[in-house]
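Number of protein chains: 2
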Amino acid sequence: MTTVAVDAGGADAGPREVAAGAIDAARQGINVKLFGSAEEIGPVGEGIEVIDAPVSIAKVADPVAAVREQPDASIVQAARSVASGEADALVSGGSTGAVLAAGVLHIRRQRGVHRPALAILVPIPGAPVLLLDVGASSESRPERLVQHAHIGAAFSEVVLGIARPRVALLSNGEEASRGTPEVIAAHQILSDGTGIDFVGNVEGLGIATGEADVVVTDGFTGNVALKLMEGVSSAVIGAVRAAAASDARAAAGALLMKPALSGLRDQLDPEQHGGAYLLGLRSVVIVPHGRFGRRGIAKAIELAASASDADVAGRTHSALEAAGALRSSK
Amino acid sequence: MTTVAVDAGGADAGPREVAAGAIDAARQGINVKLFGSAEEIGPVGEGIEVIDAPVSIAKVADPVAAVREQPDASIVQAARSVASGEADALVSGGSTGAVLAAGVLHIRRQRGVHRPALAILVPIPGAPVLLLDVGASSESRPERLVQHAHIGAAFSEVVLGIARPRVALLSNGEEASRGTPEVIAAHQILSDGTGIDFVGNVEGLGIATGEADVVVTDGFTGNVALKLMEGVSSAVIGAVRAAAASDARAAAGALLMKPALSGLRDQLDPEQHGGAYLLGLRSVVIVPHGRFGRRGIAKAIELAASASDADVAGRTHSALEAAGALRSSK
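Sequences listed follow chains V and Z, in order. If you're matching positions, the first sequence starts at 1 in our numbering and goes up one per residue. If you're matching positions, the second sequence starts at 1001 in our numbering and goes up one per residue.
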């Protein structure tokens, strides 16, 4: 049976809400090890083991230092339980910095991986596009972008079943000459042929129109982009809702449209998707939004369990190896 | 009467479509000087002077070199007519690089301005937020970001009538420690007090929720963000439309909602807004989307004329001067 280590110390909604999500996931037959303040977590049901870890470093200014200095922090204990094999995968909605630091230090990077990347299926209707990095690192060195292109392609093949994913770089123009110096250099390397189907640069618009299956960017731009997508989606949906409430005629229309629109609402709801994958570590790590509630946390735990069962980490690494996309020296 | 120089050589839809937009604008009482291939432009009506300029550099790889080497290019001739005072403002939907190069070389930067910025009111419902730079330059030096913060604040005061605009930096986290090294440095300078109401960092989500009146970023991130907003808006609107067409019940509902939704459609339509302002030059320069048609071009010309009548360039510069935000040396 698959066991998922869950850090209850990170989520905005507090340990009790994370526990509620864990309870829902346990009902699906997943074993959960829940790390956080036992007092705040309260009673849990079958399939959940609570490990009292009252120290949370989810909001500290320097998560790297905190991970080193506070071995009893909930995220550190959770990561170590994955490293030791007691758990198969990790879920933490704390700060990405803390998850990343604990992951790199304890679960460790896969051999030949420069730096993990946070990857997410973008919340745009009809566009199952994988965007990475959405916030693991603001670094944008060309060789990192290139490796992230490979990581995205491998993940897309393994998890999404896309035989030959089209990979693009996010830029401010489609021409090879557009972008930051790092994007231009990465474009050059990828154009020279690296075994992946590189389709060039896409602009922001191209993410929404599905011009590529995988879109690669640095973690600063990717994070801004992801949060912008969520913001624009909710603003537009909110405006449609406001229009629906503006008069009786529109309200009647909205009532008739409701069933047809419910699928769209689900598609745009980040909680439905469980969060982002932290790729490049030796085990599966899922990072739900800090603001997820019970439902999103449960989804994240289910996603972690099924990704672990499918050996996503190992298979992604094999695909990277086959593509010759791992750095040679340690 | 206000005269607007219009470059017909840039727009994707071709010179004839730009001419159609110019004809509409001329009917509003604006004088237009139209630079482009007279043959392709064809007949025009009253209020429009066609200057035959068949050379277009809108799609060249190196616009800066092209502006220097091809003095007869339509954008160069259009910019020079503004520089000489024959026209009051410039409109060009060609490549931003070519407009920027022609603007800097001929219309020239305002005294004390490092680099012009492309500013736009974001196409998000209910959020009249000014975002800059959306593509004039990928440069992100802290002092440029700081000056763009001042330029955005001054423009927001002068044009939008916001008494004390709240200015933010776009970043991947709200804390002062988040962002690229350049964003962190700019945050420090702005926090030290510079006479503007600096509200700190906003994330992508914050643009949509109106946490600031002016959001400052580098031209690479801003361009990606702008095009992403447009892409997400249309994808969501498209999905609502598809849902409306999915069955008879939803279609009936959509019909009832249509009047209430038309305002939203207009609000999200980039053509309604006429394009972006290139700020920091001695005259008003408006950059419509390359893909605008007749209606968007007409709006851009009207926007250029009214901004020129209101002396937006001069008043923005005075506001910058009053804020002590101009660099001292030339």
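Calculated from the structure, these hints are not laboratory results. The structure displayed is predicted, hence computed values, not measured ones. Please note that a few of the clues may not be correct.
Below, computed lysine to aspartate or glutamate pairings styled on DMTMM-like, alpha-carbon distance capped at 20 Å [to be verified]:
#: 1; chain 1: V; residue 1: K59; chain 2: Z; residue 2: E1174
#: 2; chain 1: Z; residue 1: K1258; chain 2: V; residue 2: D247
#: 3; chain 1: Z; residue 1: K1059; chain 2: V; residue 2: D269
#: 4; chain 1: Z; residue 1: K1059; chain 2: Z; residue 2: E1086
#: 5; chain 1: V; residue 1: K59; chain 2: Z; residue 2: D1012
#: 6; chain 1: Z; residue 1: K1059; chain 2: Z; residue 2: E1069
#: 7; chain 1: Z; residue 1: K1059; chain 2: Z; residue 2: D1072
#: 8; chain 1: V; residue 1: K59; chain 2: V; residue 2: D12
#: 9; chain 1: V; residue 1: K258; chain 2: Z; residue 2: D1247
#: 10; chain 1: V; residue 1: K59; chain 2: V; residue 2: E46
#: 11; chain 1: Z; residue 1: K1059; chain 2: Z; residue 2: E1046
#: 12; chain 1: Z; residue 1: K1059; chain 2: V; residue 2: D247
#: 13; chain 1: V; residue 1: K59; chain 2: V; residue 2: E40
#: 14; chain 1: Z; residue 1: K1059; chain 2: Z; residue 2: E1049
#: 15; chain 1: Z; residue 1: K1059; chain 2: Z; residue 2: D1024
#: 16; chain 1: V; residue 1: K258; chain 2: V; residue 2: D269
#: 17; chain 1: V; residue 1: K59; chain 2: V; residue 2: E69
#: 18; chain 1: V; residue 1: K59; chain 2: V; residue 2: E49
Computed list of chain V residues with no C-beta within reach of chain Z, every gap over 12 Å [stated by the list, open to error]:
#: 19; residue: A61
#: 20; residue: R108
#: 21; residue: S138
#: 22; residue: R144
#: 23; residue: R178
#: 24; residue: V202
#: 25; residue: N223
#: 26; residue: D309
Which residues of chain Z face chain V? A few of them, derived with a C-beta cut under 8 Å, are [said to hold, decoys possible]:
#: 27; residue: S1037
#: 28; residue: V1060
#: 29; residue: H1114
#: 30; residue: L1121
#: 31; residue: P1128
#: 32; residue: R1141
#: 33; residue: R1249
Built from N, CA and C at the ideal position, the CB exists for glycine as well.
Now for the hints, and whether the structure bears them out:
no. : hint              : in the structure
1   : V/K59 - Z/E1174   : 12 Å, holds
2   : Z/K1258 - V/D247  : 12 Å, holds
3   : Z/K1059 - V/D269  : 39 Å, violated
4   : Z/K1059 - Z/E1086 : 26 Å, violated
5   : V/K59 - Z/D1012   : 49 Å, violated
6   : Z/K1059 - Z/E1069 : 15 Å, holds
7   : Z/K1059 - Z/D1072 : 16 Å, holds
8   : V/K59 - V/D12     : 10 Å, holds
9   : V/K258 - Z/D1247  : 12 Å, holds
10  : V/K59 - V/E46     : 30 Å, violated
11  : Z/K1059 - Z/E1046 : 30 Å, violated
12  : Z/K1059 - V/D247  : 48 Å, violated
13  : V/K59 - V/E40     : 17 Å, holds
14  : Z/K1059 - Z/E1049 : 25 Å, violated
15  : Z/K1059 - Z/D1024 : 26 Å, violated
16  : V/K258 - V/D269   : 16 Å, holds
17  : V/K59 - V/E69     : 15 Å, holds
18  : V/K59 - V/E49     : 25 Å, violated
19  : A61               : 6 Å, violated
20  : R108              : 25 Å, holds
21  : S138              : 5 Å, violated
22  : R144              : 14 Å, holds
23  : R178              : 9 Å, violated
24  : V202              : 9 Å, violated
25  : N223              : 4 Å, violated
26  : D309              : 32 Å, holds
27  : S1037             : 24 Å, violated
28  : V1060             : 10 Å, violated
29  : H1114             : 18 Å, violated
30  : L1121             : 14 Å, violated
31  : P1128             : 12 Å, violated
32  : R1141             : 13 Å, violated
33  : R1249             : 5 Å, holds
In summary, the structure is inconsistent with hints 3, 4, 5, 10, 11, 12, 14, 15, 18, 19, 21, 23, 24, 25, 27, 28, 29, 30, 31 and 32 from the numbered list given earlier, while agreeing with the others.
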